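Trainee: Quick note on numbering: the UniProt record's numbering labels position 189 of the sequence shown as 189, and the sequence is numbered without any gaps.
Hints are computed from structural coordinates only; laboratory data are not their basis. Errors might be hidden in some of the hints.
[To be verified] Derived BS3-like pairs (lysine-lysine); straight-line CA-CA distance at most 30 Å:
#1 K236 to K31
#2 K163 to K278
#3 K278 to K262
#4 K320 to K236
#5 K278 to K240
#6 K228 to K240
#7 K23 to K316
#8 K31 to K320
#9 K23 to K320
#10 K180 to K228
#11 K317 to K240
#12 K278 to K317
#13 K228 to K262
#14 K228 to K186
#15 K262 to K320
#16 K240 to K262
#17 K23 to K317
#18 K31 to K316
#19 K236 to K262
#20 K236 to K186
#21 K180 to K163
#22 K163 to K186
#23 K240 to K23
#24 K240 to K180
#25 K163 to K317
#26 K317 to K31
#27 K186 to K278
#28 K236 to K278
#29 K240 to K31
#30 K317 to K236
#31 K236 to K316
#32 K240 to K163
#33 K163 to K236
[Said to hold, decoys possible] Have a look at the derived ranges for each label pair, beta carbon to beta carbon:
#34 M255 to L13: 37 to 45 Å
#35 T272 to E12: 49 to 57 Å
#36 T173 to E29: 53 to 61 Å
#37 Y297 to E89: 24 to 32 Å
All values reported here derive from a predicted model rather than from experimental measurement. Quick reminder that beta carbons are idealized off the backbone N, C-alpha and C, glycines included.
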Amino acid sequence: MNLEISKDLTIELPWSVNGTLFKPARNSEPKALLILVHGSGPHGREEQVGGVRVFSDLAAGLVERINLAVFSFDKRTFTHQSRFAALPEEEITVFNETIDEVLTLVEHFQSQYEQIALLGHSLGGSCIPYLLANSSASLGIMLAASYSPLEDLIIRQMRYLLKYAPESGLTETIVETTAKQVETLKLLMAGSGDNEARAQAQSEEKQKRLSSELPLGLPLPYFQSLHKLNTNALAKALDKPVLLVQGERDYQVNMDEFEAWKELLSANPNFTFRSYEKLNHLFVEGDIGALSVPSEYAQQANLPAYLLDDIADFLKKSLKL
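Let's have the full structure, built from the sequences with the hints guiding it.
Mentor: Written out as structure tokens, the structure is:
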């Protein structure tokens with residue numbers, strides 16, 4: 001493999017960052033760096049889900065194709081899981097989890113590279129507009145980024161799994177309970193509606209901290225922080241190149257999300273859109289014509305060459321490599 005890999009690179013920041021810096025085995029040192037931004041959950045630097053290592057494939061595939069360095073790191077909630085979990089509830093936010101870490105990494109590396117690009121997958125993809133608007137990063141790539149709020153995606157995903165993936169163990173009762181949790185969440189976030197119900201919900205929040213009463217066991221400040229990203233409005237106003245990539249077989253972030261992005265951003269010439277009929281949420285192939293199911297993720301698979309080619313072409317053109 002045509003790579004040079006610096007393993008166990010540790011960056012001493014207020015929250016230390018452990019990662020791998022990938023470089024092509026060429027005579028000329030790369031002048032641009034791509035930083036990979038994880039999806040939800042405490043992912044390591046490979047972003048491994050079942051038999052798929054999304055970030056490992058991306059890093060290796062891209063540095064083989066173009067003169068680019070790639071930094072893949074262990075997410076804060078992976079390296080510092082206990083420390084993060086011990087934070088006060090009001091500090092359990094996407095900013096403390098992801099945003100602040102990536103912005104700090106951009107600052108750290110900007111003196112070493114002429115250009116920095118960001119690639120985010122899933123929730124990480126949805127963070128890209130905010131990250132680009134608040135950093136010196138030159139461009140972004142959004143893989144399977146949701147247009148809809150997380151709380152809406154949760155219910156949509158659960159209903160799909162209930163119907164098509166009985167092995168998931170979901171029941172009507174679980175889905176109904178989660179739907180009620182989403183209703184409670186929206187009531188708290190809206191600041192309007194049935195005053196009596198809202199007052200009761202807020203009272204419960206103070207008494208129980210509501211973590212167990214909201215979707216996924218996440219506290220209210222986390223959901224509020226996602227809305228503070230102002231993702232859709234920032235994307236519409238972005239003046240940096242962005243590639244938005246979608247797998248047409250993705251049930252977690254489906255094609256309705258992709259089409260909503262295209263409609264919102266139709267007047268922004270900085271966005272490029274690509275969708276692939278065989279690919280699922282992890283960007284590996286499956287049978288055309290049917291959305292994926294979670295059991296696919298357990299199978300060992302790699303990102304296809306044509307996807308890596310397209311991403312590399314976008315980076316090469318936009319960064320003028």
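Trainee: If a hint holds in the structure, say so; if it doesn't, say that too.
Mentor: These are the hints, each one checked on the structure:
Proximity of K236 to K31 is assessed by CA-CA distance (about 29 Å); at most 30 Å being required, the pair is judged to hold. Under the criterion of a C-alpha separation no larger than 30 Å, the hint pairing K163 with K278 is consistent with the structure, at around 21 Å. The straight-line distance between the Cα atoms of K278 and K262 is roughly 20 Å, inside the 30 Å bound, and the hint therefore holds. At most 30 Å may separate the alpha-carbon atoms for a hinted pair to count; K320 and K236 meet this at roughly 24 Å.
For the suggested pair K278 and K240, the alpha carbons sit about 29 Å apart, so the restraint of at most 30 Å is met. Restraint check: the Cα-Cα separation between K228 and K240 comes to about 21 Å, which is no more than 30 Å; the hinted pair holds. Distance hint between K23 and K316 is fulfilled; the C-alpha atoms sit about 15 Å from each other, no more than 30 Å. For the suggested pair K31 and K320, the alpha carbons sit about 10 Å apart, so the restraint of at most 30 Å is met.
A distance of roughly 17 Å separates the Cα atoms of K23 and K320; the hinted pair therefore holds under the 30 Å criterion. The straight-line distance between the Cα atoms of K180 and K228 is roughly 23 Å, inside the 30 Å bound, and the hint therefore holds. For the hint pairing K317 with K240, the CA-to-CA distance comes to about 13 Å; that is within 30 Å, so the pair holds. Taking the CA atoms of K278 and K317, the gap is about 25 Å. The hint holds against a cut of 30 Å.
For the hint linking K228 to K262, the alpha-carbon distance of about 22 Å falls within 30 Å, and the restraint holds. Taken as a hint, the K228 and K186 pair is honoured in the structure, with Cα atoms around 15 Å apart against an allowance of 30 Å. For the given pair, K262 sits about 25 Å from K320 by alpha-carbon distance, which is consistent with the 30 Å threshold. For the hint pairing K240 with K262, the CA-to-CA distance comes to about 16 Å; that is within 30 Å, so the pair holds.
For the hint linking K23 to K317, the alpha-carbon distance of about 19 Å falls within 30 Å, and the restraint holds. The straight-line distance between the Cα atoms of K31 and K316 is roughly 12 Å, inside the 30 Å bound, and the hint therefore holds. Between K236 and K262, the direct Cα distance comes to roughly 10 Å. Compliance with the 30 Å bound is thereby established for this hinted pair. In summary, the hint linking K236 to K186 is supported, as the alpha carbons are separated by about 24 Å, within the 30 Å threshold.
Of the pairs offered as hints, the one joining K180 and K163 holds, with about 19 Å between alpha carbons and a cut-off of 30 Å not exceeded. For a cut-off of 30 Å, the pair hint linking K163 to K186 stands: about 25 Å separates their Cα positions. Pair hint K240 plus K23 holds up; C-alpha atoms about 25 Å apart against a cutoff of 30 Å. For the proposed pair K240 and K180, the alpha carbon gap of about 39 Å is over 30 Å, so the pair is violated.
For the suggested pair K163 and K317, the alpha carbons sit about 43 Å apart, so the restraint of at most 30 Å is broken. Between K317 and K31 the CA atoms are separated by roughly 14 Å; this keeps the pair inside 30 Å, and the hint holds. Between K186 and K278 the alpha-carbon distance is near 35 Å, which puts this suggested pair outside the 30 Å criterion. For the suggested pair K236 and K278, the alpha carbons sit about 28 Å apart, so the restraint of at most 30 Å is met.
With a CA separation close to 18 Å, the supplied pair K240 and K31 stays within the 30 Å bound. Taking the CA atoms of K317 and K236, the gap is about 22 Å. The hint holds against a cut of 30 Å. A C-alpha spacing of about 24 Å is found between K236 and K316, which places the hinted pair at or below 30 Å, so the restraint holds. A distance of roughly 40 Å separates the Cα atoms of K240 and K163; the hinted pair therefore is violated under the 30 Å criterion.
Taken as a hint, the K163 and K236 pair is broken in the structure, with Cα atoms around 35 Å apart against an allowance of 30 Å. Checking the proposed 37 to 45 Å range against M255 and L13 shows it holds: the Cβ atoms sit about 38 Å from each other. At roughly 37 Å, the beta carbons of T272 and E12 sit outside the given window of 49 to 57 Å. For T173 and E29, the hinted distance range of 53 to 61 Å is satisfied, since their beta carbons lie about 58 Å from each other.
A hinted range of 24 to 32 Å holds for the C-beta pair Y297 and E89, which are about 31 Å apart.
Consistency with the previously given hints fails for numbers 24, 25, 27, 32, 33 and 35, ordered from lowest to highest.
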